[in-house]
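Using the supplied hints, reconstruct the complex from the two chains, each of which is provided in its own coordinate frame.
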Amino acid sequence: GAGVSQSPSNKVTEKGKDVELRCDPISGHTALYWYRQRLGQGLEFLIYFQGNSAPDKSGLPSDRFSAERTGESVSTLTIQRTQQEDSAVYLCASSLDGGANNQPQHFGDGTRLSIL
Amino acid sequence: GQQVMQIPQYQHVQEGEDFTTYCNSSTTLSNIQWYKQRPGGHPVFLIQLVKSGEVKKQKRLTFQFGEAKKNSSLHITATQTTDVGTYFCAKGNTGKLIFGQGTTLQVKP
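Protein sequence lines correspond, in order, to chains A and B.
The opening residue of the first sequence carries number 1 in our numbering; numbering runs sequentially from there.
The opening residue of the second sequence carries number 1001 in our numbering; numbering runs sequentially from there.
Watch out, some of these pointers could steer you wrong.
DEER-style ranges, computed between Cβ atoms [as the list claims (entries may be wrong)]:
no.: 1; chain 1: B; residue 1: Glu1015; chain 2: A; residue 2: Gly71; range: 47 to 53 Å
no.: 2; chain 1: A; residue 1: Glu14; chain 2: B; residue 2: Lys1051; range: 49 to 55 Å
no.: 3; chain 1: A; residue 1: Gly3; chain 2: B; residue 2: Thr1082; range: 18 to 24 Å
no.: 4; chain 1: B; residue 1: Glu1017; chain 2: A; residue 2: Thr78; range: 45 to 51 Å
no.: 5; chain 1: B; residue 1: Thr1081; chain 2: A; residue 2: Glu85; range: 30 to 36 Å
no.: 6; chain 1: A; residue 1: Lys17; chain 2: B; residue 2: Lys1059; range: 44 to 50 Å
no.: 7; chain 1: B; residue 1: Met1005; chain 2: A; residue 2: Ala2; range: 32 to 38 Å
no.: 8; chain 1: B; residue 1: Ser1030; chain 2: A; residue 2: Ser27; range: 23 to 29 Å
no.: 9; chain 1: B; residue 1: Ala1078; chain 2: A; residue 2: Val74; range: 39 to 45 Å
no.: 10; chain 1: B; residue 1: Glu1015; chain 2: A; residue 2: Gly3; range: 29 to 35 Å
no.: 11; chain 1: B; residue 1: Ser1052; chain 2: A; residue 2: Ser73; range: 34 to 40 Å
no.: 12; chain 1: A; residue 1: Gly3; chain 2: B; residue 2: Thr1062; range: 25 to 31 Å
Quick caveat, the hints were computed from the structure, so don't treat them as lab data.
Heads up, the beta-carbon is just placed ideally off N, CA and C, and yes, glycines get one too.
Just chain B, same shape as in the assembly (with noise of 0.2 Å):
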């Protein structure tokens, strides 16, 4: 339907080791935004992707848009401490955004 699927829902990492969160949809994407939420806190917007196989960085963090614009995936290098939070993916819906159920990641000093 019009939902967007990511995974993991949860990931623990070490500091220093990277994470990958994955989105995918089962229909063409227009764009696709990606948010941040720290806990306690309230989403905030990280990044859009709007051609076919985009990349973008923002200094440890890496967006993809994939070919056939499916599925998006963000990736971290070298985690932090303050990088915990929750990192949701969202689609374009006619105006609106429907959120991935997003990826909670902890980082273990």
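The following block holds chain A by itself, in its conformation from the complex (with noise of 0.2 Å):
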């Protein structure tokens, strides 16, 4: 597609259950980044894959976040036992390449998360 492409677009679960946010990035890029967007406030870094490399794992804020990525495609965010704290938009990102250089991050519309 010609952007990023997150689904679903609204998640709305019980506290306690289990959510799978899902992330397809443009085409070629080999950089992919979650985010976490609370209600007025900044983007706070949670993953980022590039290409083969071990993801950066250091900003998932606990064991209950795992991501995962299929070669340089589709990543899913997985988030279990919900908490309300939990409840923000969830941001992905993708770039042409990682690294140094730092090129441009596209963003997806987000998945707007909301813990009852």
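Written as structure tokens, this is what we have:
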């Protein structure tokens, strides 16, 4: 596709349930990023994938959060045993490559997650 | 630590007035990027600054990178209602970006 695609666009679930969020990056982009944005707040880095390198997981807030990426394509962010504080917009971005040059990041529209 | 500090957090201006947001780091930055997020939208890349003292312009927007590469600014001349949104700076850090908290601009017509 032309841009970064995220699904679902909205997710409402009960506390304690697991959720899986999906991101389709721009074709040919080797770097993929997940961010969390709480209402009225900035972007909180979660995890970064670059090609076949080990992902940078330094931003994951707890072991309930995990993410996978298949090669240089789709990524899924999984949150287990969701808590109310997990309510936020989860944004995915991709860039041509990562590394020191920090290519511009292209963002998807996000998944708005609401935990009841 | 790793954060970039952005000020002000909010700014309300009358249409036609100028606007500036500032981004500061305690450490030297290798590069800095600026993004704009419209209400209800996602961040959109505006520009990247790499060189000490660099100044770049995009129409009414002027971006500066400090001589010491520890601060940056975005200045909008003669704001318009289309400028409404949150402006984020982001610093490069081992392949990922660390975003500031953003400055939210509101423009009164």
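Going through the numbered hints above, which ones does this structure break? Give me the numbers in ascending order.
none
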